[in-house]
Amino acid sequence: QSSVTLYGRINTTVESQKEGTADRKVVVANNSSRFGFKGTEDLGGGLKASFKLESGLNSDDGRAASTFWGRDAYVELGGSFGAVRLGNFTPESYFATADYVSMHNHDTGSSSDALYGGPFRSSNKIGYFTPTYNGFSASASVSAGEGQAGQEKLFDLAANYVGGPLHLGAGYSKEGDRSQIAVRGLYELGAFTFGGYYQRADDGAQNRNVYRASGMYTLGQSEFHVNYGATQGKGAFAAQGKTNQFTLGYNYNLSKRTKVYAYYTDVDAKLNSKDFSSLAAGIRHNF
Amino acid sequence: QSSVTLYGRINTTVESQKEGTADRKVVVANNSSRFGFKGTEDLGGGLKASFKLESGLNSDDGRAASTFWGRDAYVELGGSFGAVRLGNFTPESYFATADYVSMHNHDTGSSSDALYGGPFRSSNKIGYFTPTYNGFSASASVSAGEGQAGQEKLFDLAANYVGGPLHLGAGYSKEGDRSQIAVRGLYELGAFTFGGYYQRADDGAQNRNVYRASGMYTLGQSEFHVNYGATQGKGAFAAQGKTNQFTLGYNYNLSKRTKVYAYYTDVDAKLNSKDFSSLAAGIRHNF
Amino acid sequence: QSSVTLYGRINTTVESQKEGTADRKVVVANNSSRFGFKGTEDLGGGLKASFKLESGLNSDDGRAASTFWGRDAYVELGGSFGAVRLGNFTPESYFATADYVSMHNHDTGSSSDALYGGPFRSSNKIGYFTPTYNGFSASASVSAGEGQAGQEKLFDLAANYVGGPLHLGAGYSKEGDRSQIAVRGLYELGAFTFGGYYQRADDGAQNRNVYRASGMYTLGQSEFHVNYGATQGKGAFAAQGKTNQFTLGYNYNLSKRTKVYAYYTDVDAKLNSKDFSSLAAGIRHNF
Numbered sequence: 046q047s048s049v050t051l052y053g054r055i056n057t058t059v060e061s062q063k064e065g066t067a068d069r070k071v072v073v074a075n076n077s078s079r080f081g082f083k084g085t086e087d088l089g090g091g092l093k094a095s096f097k098l099e100s101g102l103n104s105d106d107g108r109a110a111s112t113f114w115g116r117d118a119y120v121e122l123g124g125s126f127g128a129v130r131l132g133n134f135t136p137e138s139y140f141a142t143a144d145y146v147s148m149h150n151h152d153t154g155s156s157s158d159a160l161y162g163g164p165f166r167s168s169n170k171i172g173y174f175t176p177t178y179n180g181f182s183a184s185a186s187v188s189a190g191e192g193q194a195g196q197e198k199l200f201d202l203a204a205n206y207v208g209g210p211l212h213l214g215a216g217y218s219k220e221g222d223r224s225q226i227a228v229r230g231l232y233e234l235g236a237f238t239f240g241g242y243y244q245r246a247d248d249g250a251q252n253r254n255v256y257r258a259s260g261m262y263t264l265g266q267s268e269f270h271v272n273y274g275a276t277q278g279k280g281a282f283a284a285q286g287k288t289n290q291f292t293l294g295y296n297y298n299l300s301k302r303t304k305v306y307a308y309y310t311d312v313d314a315k316l317n318s319k320d321f322s323s324l325a326a327g328i329r330h331n332f
Numbered sequence: 046q047s048s049v050t051l052y053g054r055i056n057t058t059v060e061s062q063k064e065g066t067a068d069r070k071v072v073v074a075n076n077s078s079r080f081g082f083k084g085t086e087d088l089g090g091g092l093k094a095s096f097k098l099e100s101g102l103n104s105d106d107g108r109a110a111s112t113f114w115g116r117d118a119y120v121e122l123g124g125s126f127g128a129v130r131l132g133n134f135t136p137e138s139y140f141a142t143a144d145y146v147s148m149h150n151h152d153t154g155s156s157s158d159a160l161y162g163g164p165f166r167s168s169n170k171i172g173y174f175t176p177t178y179n180g181f182s183a184s185a186s187v188s189a190g191e192g193q194a195g196q197e198k199l200f201d202l203a204a205n206y207v208g209g210p211l212h213l214g215a216g217y218s219k220e221g222d223r224s225q226i227a228v229r230g231l232y233e234l235g236a237f238t239f240g241g242y243y244q245r246a247d248d249g250a251q252n253r254n255v256y257r258a259s260g261m262y263t264l265g266q267s268e269f270h271v272n273y274g275a276t277q278g279k280g281a282f283a284a285q286g287k288t289n290q291f292t293l294g295y296n297y298n299l300s301k302r303t304k305v306y307a308y309y310t311d312v313d314a315k316l317n318s319k320d321f322s323s324l325a326a327g328i329r330h331n332f
Numbered sequence: 046q047s048s049v050t051l052y053g054r055i056n057t058t059v060e061s062q063k064e065g066t067a068d069r070k071v072v073v074a075n076n077s078s079r080f081g082f083k084g085t086e087d088l089g090g091g092l093k094a095s096f097k098l099e100s101g102l103n104s105d106d107g108r109a110a111s112t113f114w115g116r117d118a119y120v121e122l123g124g125s126f127g128a129v130r131l132g133n134f135t136p137e138s139y140f141a142t143a144d145y146v147s148m149h150n151h152d153t154g155s156s157s158d159a160l161y162g163g164p165f166r167s168s169n170k171i172g173y174f175t176p177t178y179n180g181f182s183a184s185a186s187v188s189a190g191e192g193q194a195g196q197e198k199l200f201d202l203a204a205n206y207v208g209g210p211l212h213l214g215a216g217y218s219k220e221g222d223r224s225q226i227a228v229r230g231l232y233e234l235g236a237f238t239f240g241g242y243y244q245r246a247d248d249g250a251q252n253r254n255v256y257r258a259s260g261m262y263t264l265g266q267s268e269f270h271v272n273y274g275a276t277q278g279k280g281a282f283a284a285q286g287k288t289n290q291f292t293l294g295y296n297y298n299l300s301k302r303t304k305v306y307a308y309y310t311d312v313d314a315k316l317n318s319k320d321f322s323s324l325a326a327g328i329r330h331n332f
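Just so you know, the sequences run in chain order A, B and C.
Residue numbers for the first sequence follow this note's numbering, beginning at 46 and rising by one.
Residue numbers for the second sequence follow this note's numbering, beginning at 46 and rising by one.
Residue numbers for the third sequence follow this note's numbering, beginning at 46 and rising by one.
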């Protein structure tokens, strides 16, 4: 009677990390491993119901995420009108921008994007997703404040366009006087893929710019990656200092589901205590 | 080798709620969403082994239930003699009475039965379930006190009868000098279904009566629901005040597994701070 | 696309337990129940990727293990060279010794081995497993200290040999100046199986010897078990006192997956408060 799909990803690295002025150390690290259940029911007349439950887990020490179904816990009704989604789900503005260009390791672990930020919330949301029309799709969601102190309604908007080799996206989110807006592009040119985004975040008093560029060169089962990001800020953001992040990566795809990989990532911050670098090697297995 | 069934329910509403004298607020709410694993093994000779693990989850914000497998975590041996069950499982006295007549939304969420109560426990139980004979079945369980302070053995008895359109049930539970007993009836009359229960709860010093009546009218894929309950109490129960609960509901069944619905529920308490009302719309999807 | 296996075990007992000088009490108890997901992907060329997520659960009261995926959370790459495993997994030195001879109830619950011990850790590990060659296999793993106070690198070694009726094993683990080493044998002689291990544990200042012998007699679907262990120690270990553990067990296999069983176990310690005995009956169901 039931046709639930059980899926997930285990992504684990061995790393030599250096944080601030502390001694370099060897760690076994998790890179956003997760498992989930999902399913779709055809209701006839073009209508369908679907759900998703997705749970983060620490593939290094076995702990579950602090919010067990924090990645996704939603039910959705879809049709020719698009889809309406209720519950807990990852902001679409993130998928449309920062996630899209983080090609070397899916924006996870020690080489994940340390700069992109903003007012984000997954919980207590109502979302609407347009159908895809001529390569264009968009979504809007609002997360209820629910009368909790210090929490307001949070709005999230995202748009995506795919036209041949050109992929464009934009994301916007806002809670009270805090907001962020970002635009993203990605272009496929033979064996090369180039991507980047620009984000402007406002904490209500000051604002900050984030720039990110990434590139991938594919050769057989191998991928060569480079990823660079930088910030420019005012006020409190300036005190945090201009931060650069640089990553070189190599992936070897054993199959569509499984890769082994290595990368070197370096976060260079104005405050030395925020400096970070890691040389990592890992296995990523999708199931 | 294994033949485990993965099943569950996501049930999420958007509601406009008012509690006591606080401001009305919009919330996205969970209505007893859950997932589970279950399976049965045929042991031959009419004997079978089965198990169930069922976990509550918050479909609004992704949190797991505080006791992860708190809904069910049991192993069972069944045969012509009935079944013996060991572990953690929901009291049968509840299923036989309050749950049975709460037709509009499965006794979940903001319109769940706010009045039915008693000494209940799911953990550390041994249960016996009779076979069904001429529509009649019964069960008895005891939850071990395990020598823990303030905790005694808890007994739970339930009985059910189904004869054509007539459904009857009764439940009883007792821990020390606290107890509750309830009787329930439900009758199907064409497109109409009528149900109700009467419960008498004793907190060891005083007692309280709870009355509940519910009705459903089915028209094609639509269901129209009404549900009313009231309390009458002595001593401390009287100080809590007579409480009424009234719910009007509408369900539209998109399929056997999926419905969209709306309801208005109102709890009118003697203490204004306990007043509650909600206007809700939601999606329930079984998988 | 995915071919994940969902598996597990529910193992629950009803017991009459006596601890120290406290009153005898009836409890419903969990015996290392668990569920898990696992899968293997054939990568071609003799290479394969696999993963395992295994979670302990309390089948008596429904709580999940405090570390949700604490039993196992790993990804592995295997081939003719053996296998490399990353993440969180149970020490192989334990499986090769204490677990192997605990035949009556899989070294779980109130009759589990109360004497075997040592420096063990499951988290943040890199392991290598040899292929099996002429019945011989071995493994080595190291758990990263990750610069955490009071935690050093932990090494774990295990070896196993199976030659007809003869099964041999050894395990060694070491963290700083704490270590344990154990050797194990098991022999099948018709309807009889005999097993035992000897362990020497060193806490850095003193050491302790642990002896364990177990026997099983199989008759049709019935198994008759006896299990005896004892300690001998110096220094702080001597203050803990010589401890004996004795268990008599009976299993009735309803199928390969399901058994009912009973046992009596008695831990006799130098300190009376550590004395423990239990008369237990239970159901174990694998799925």
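There's no promise every hint is true.
Since copy identity is lost for identical chains, a pair holds within one copy or between any two.
[Said to hold, decoys possible] DSS-like cross-link-like pairs, simulated, lysine-lysine; straight-line CA separation at most 25 Å:
#1 93 / 279
#2 315 / 287
#3 219 / 70
#4 63 / 198
#5 287 / 83
#6 93 / 301
#7 93 / 63
#8 198 / 70
Worth flagging that the hints you see were computed from the coordinates, not collected in a lab.
Hints and how they fare:
{"no.": "1", "hint": "93 / 279", "in the structure": "neither (48 Å within a copy, 51 Å between copies)"}
{"no.": "2", "hint": "315 / 287", "in the structure": "within (6 Å within a copy, 60 Å between copies)"}
{"no.": "3", "hint": "219 / 70", "in the structure": "between (39 Å within a copy, 20 Å between copies)"}
{"no.": "4", "hint": "63 / 198", "in the structure": "between (39 Å within a copy, 18 Å between copies)"}
{"no.": "5", "hint": "287 / 83", "in the structure": "neither (41 Å within a copy, 44 Å between copies)"}
{"no.": "6", "hint": "93 / 301", "in the structure": "between (29 Å within a copy, 13 Å between copies)"}
{"no.": "7", "hint": "93 / 63", "in the structure": "neither (49 Å within a copy, 33 Å between copies)"}
{"no.": "8", "hint": "198 / 70", "in the structure": "between (42 Å within a copy, 11 Å between copies)"}
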